[in-house]
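Colleague: The primary structure of each chain is shown beneath.
Protein chains: 2
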Amino acid sequence: NPVRTADSDDGQCHTKDGKSIYIVSDGTGWTAEHSVGAALGQFDHCLVDHACSVNTHLFSGVDDIERLIEVVRQAAKEGAMLVYTLADPSMADAARKACQVWGVPCIDVLGPIIEAIASHLGVSPSGLPRGAGGINFLSEDYFQRIEAIEFTIKHDDGALPQNLHKADIVLTGVSRTGKTPLSIYLSQKGYKVANVPIVMGVELPKTLFEIDPDKVFALIIDPVVLQTIRKSRAKTLGIAEDEMHNYSQMGYVKKELDNAGKIFAKNPSWPVIEVTSKAIEETAAVILRMYHDKKQRRSLPSVSKRY
Amino acid sequence: NPVRTADSDDGQCHTKDGKSIYIVSDGTGWTAEHSVGAALGQFDHCLVDHACSVNTHLFSGVDDIERLIEVVRQAAKEGAMLVYTLADPSMADAARKACQVWGVPCIDVLGPIIEAIASHLGVSPSGLPRGAGGINFLSEDYFQRIEAIEFTIKHDDGALPQNLHKADIVLTGVSRTGKTPLSIYLSQKGYKVANVPIVMGVELPKTLFEIDPDKVFALIIDPVVLQTIRKSRAKTLGIAEDEMHNYSQMGYVKKELDNAGKIFAKNPSWPVIEVTSKAIEETAAVILRMYHDKKQRRSLPSVSKRY
Ligand SMILES: Nc1ncnc2c1ncn2[C@@H]1O[C@H](COP(=O)(O)O)[C@@H](O)[C@H]1O
Ligand SMILES: Nc1ncnc2c1ncn2[C@@H]1O[C@H](COP(=O)(O)O)[C@@H](O)[C@H]1O
Ligand SMILES: [Mg+2]
Ligand SMILES: [Mg+2]
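Chains as they are written, first to last, in our numbering: chain A, 1 to 307; chain B, 1 to 307.
Just so you know, these hints were derived from the structure itself, not from any lab. Predicted model, so just to flag it, every value in this text is computed and none were measured. Some hints could be false.
Copies of the same chain look alike in the list, so a pair counts if it works inside one copy or between any two.
As the list claims (entries may be wrong) - DSBU-like mimics (lysine-lysine), calculated; alpha carbons at most 30 Å apart, straight line: (1) Lys235 <-> Lys266; (2) Lys295 <-> Lys77; (3) Lys254 <-> Lys189; (4) Lys166 <-> Lys235; (5) Lys294 <-> Lys77; (6) Lys19 <-> Lys294; (7) Lys215 <-> Lys154; (8) Lys206 <-> Lys154; (9) Lys295 <-> Lys19; (10) Lys77 <-> Lys189; (11) Lys97 <-> Lys166; (12) Lys235 <-> Lys215; (13) Lys231 <-> Lys154; (14) Lys231 <-> Lys295; (15) Lys166 <-> Lys295; (16) Lys19 <-> Lys189; (17) Lys19 <-> Lys254; (18) Lys97 <-> Lys189; (19) Lys231 <-> Lys19; (20) Lys255 <-> Lys97; (21) Lys295 <-> Lys97; (22) Lys266 <-> Lys215; (23) Lys231 <-> Lys294; (24) Lys266 <-> Lys295; (25) Lys262 <-> Lys294; (26) Lys97 <-> Lys215; (27) Lys77 <-> Lys97; (28) Lys77 <-> Lys266; (29) Lys77 <-> Lys255; (30) Lys166 <-> Lys254.
Chain A extracted, bound-state conformation (with noise of 0.2 Å):
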């Protein structure tokens, strides 16, 4: 069962325990639910043990004010708080008047943003909700992002070695670095992505040593926490302790670490990424920041796009 759900199938788990945070959006909700993610991360400190808990529930595609009541009633009940985004002036404000009718606390997520772009414009929203416009969305953008994807999975874990120059960026690490993970991330915003594996006694493909070491990142990670996600992965694969060889032994852990350190130390002009307790997000952050960097060399370096 995927992460994190708040579900139960007797569907009674809503006030069991726990605050609530409503989320609602016309679109898919996924803005106002990141948005309310990484708010919660504030909160850490006390999510973690469980000294206080939260769910959150996403409606998505409520683009009629009846579902918006019905929404914001039942958030009522509940004693939830709503978090909306509704590009409909007219549904924001009814949220907005629900929510004070019933005393539930409530935010705008994208109201002040909106505002504060469209003064610097000098250009109206157009009020409409992601999709009502019957946008182009088969832009050359949405095929490159496509393309990026597919090339991404196809050249995971060394596969085809021969077209590592036709990637934007190639990852080399030990084996549980986050190498594909990081991967699909990073090929979500639009880049061709490939990575090869440092495996002992398995020798590195050639191309690795001849393509634009600019778009090469290392990636290191500390041997103990290294040593607990092989372990886990071993669980997760059901693999018996013995059947495992080495792949988790500490000595064979620091020697497989050492000899990827020996490689990166002879190809000075790879990054070498520290990923230990970074989440693959701030790893793709830090590689883009610096990829983009190395193509600007500007003061200030930022990962720019237009739109």
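Please build the complex by placing chain B with the ligands on the supplied structure of chain A, with the hints as guidance.
Modeller: Chain B with the ligands only, in chain A's frame:
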């Protein structure tokens, strides 16, 4: 080169044209970037035909006052606005004040949400940026999500059909209905996804009809749009017209969709999802809403999580 980048190798594209939005975070910046991206959707009417244009510049990992002030000063020089997420209240304060001094329009993306959640929970926010707590990212969630991604990569495009019963979600449809990017998108949310292509003349795996039909989702698409997508793909892959056989020919496209439609009609418990003119994340939202609805059977379907 990746999508929508505004980099230029000479490092001076900044003010060439369009308005700028500076995005600043003490973390990755992905939250603020996501919000800005969604907010800009409200200005598609002027962005699409380049009546206006916007450059965003993302500054991640801004965790000291000096760098913060430098970014604000640069924003002032360029006539940019500032969108920020800064967990440390003294940093957020400094951003607001510096913006005031230099006349930079600015928006705190998460401040209001964090404040509202704080009073909802009756707990003060930590004020610590992400990563500062050396947080236990090696949680069960973390491993589960990575496992989902790896499962999904391995079960792309009909691979390992004997494992379909292990998937949380199984997608099926003809070529170029977006099964792969959709699978990957869902996997990053922690769902193990397998996708099974429907190709005329190729038998579908028996397991598709043996597994719980509640987790199978059928994708359909308008034939004209599908043809457009296939033509674009053929170009991307550099396939010559005559090598394409009938992959993107309207007669064939329609026959294929017909064939798929018949299979779907024979399996009426598979929801049929129309993907035409939906972005990947929109289709994902629809699927997850239905997926959780089937499990919950509540009056107001939502996707729920526990923190
Ligand atoms: N491309 C877009 N065009 C117009 N509005 C959008 C677009 N993308 C997102 N939005 C709006 O931004 C808010 C957040 O979107 P979502 O993340 O899909 O919930 C919703 O109110 C959407 O209607
Ligand atoms: N797990 C977390 N713990 C504490 N703060 C977080 C967490 N995740 C995100 N934040 C904060 O939320 C804001 C947005 O994060 P980001 O998306 O990484 O830019 C930043 O101010 C981060 O410091
Ligand atoms: Mg891997
Ligand atoms: Mg595919």
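Colleague: I want to check one pair: Lys77 and Lys97. Are their C-alpha atoms no more than 30 Å apart within a copy, between two copies, both, or neither?
Modeller: within (16 Å within a copy, 40 Å between copies)
Colleague: Evaluate Lys97 and Lys166 at a C-alpha cut-off of 30 Å and name the case that applies: within, between, both or neither.
Modeller: Neither way: Lys97 and Lys166 sit 54 Å apart in one copy and 46 Å across, limit 30 Å.
Colleague: At most 30 Å between CA atoms: does that hold for Lys231 and Lys295 within a copy, between copies, both, or neither?
Modeller: neither (39 Å within a copy, 33 Å between copies)
Colleague: One pair to classify: Lys19 and Lys189, alpha carbons no more than 30 Å apart. Within, between, both, or neither?
Modeller: Close across copies (22 Å), not inside one copy (33 Å); limit 30 Å.
Colleague: How do Lys215 and Lys154 come out at 30 Å by Cα distance, when the copy is not named: within, between, both, or neither?
Modeller: Answer is both: 18 Å inside a copy and 26 Å across each meet the 30 Å cutoff.
Colleague: Classify it for me, Lys254 with Lys189: is the Cα-Cα distance of at most 30 Å met within a copy, between copies, both or neither?
Modeller: neither (33 Å within a copy, 32 Å between copies)
Colleague: Give the relationship of Lys166 and Lys235 under a CA distance limit of 30 Å: within one copy only, between copies only, both, or neither.
Modeller: Classified as between: cross-chain Cα gap 17 Å, same-chain 36 Å, threshold 30 Å.
Colleague: Give the relationship of Lys77 and Lys255 under a CA distance limit of 30 Å: within one copy only, between copies only, both, or neither.
Modeller: neither (59 Å within a copy, 51 Å between copies)
Colleague: Regarding Lys166 and Lys254, is the shortest C-alpha distance of 30 Å or less found within a copy, between copies, in both, or in neither?
Modeller: Neither: 32 Å inside a chain and 34 Å across chains, both beyond 30 Å.
Colleague: When no copy is named, should Lys19 and Lys254 be tagged within, between, both, or neither for a Cα gap of at most 30 Å?
Modeller: Answer is neither: 44 Å inside a copy and 50 Å across each miss the 30 Å cutoff.
Colleague: At most 30 Å between alpha carbons: which applies to Lys206 and Lys154, within, between, both or neither?
Modeller: both (19 Å within a copy, 26 Å between copies)
Colleague: Could you figure out if Lys295 and Lys77 sit no more than 30 Å apart (CA to CA) within one copy, between two copies, both or neither?
Modeller: For Lys295 and Lys77, only the inter-copy Cα distance (22 Å) is at most 30 Å; the intra-copy one is 54 Å.
Violation of the numbered hints given earlier is confined to hints 1, 3, 11, 14, 17, 18, 19, 20, 21, 23, 26, 28, 29 and 30; the remaining hints are satisfied by the structure.
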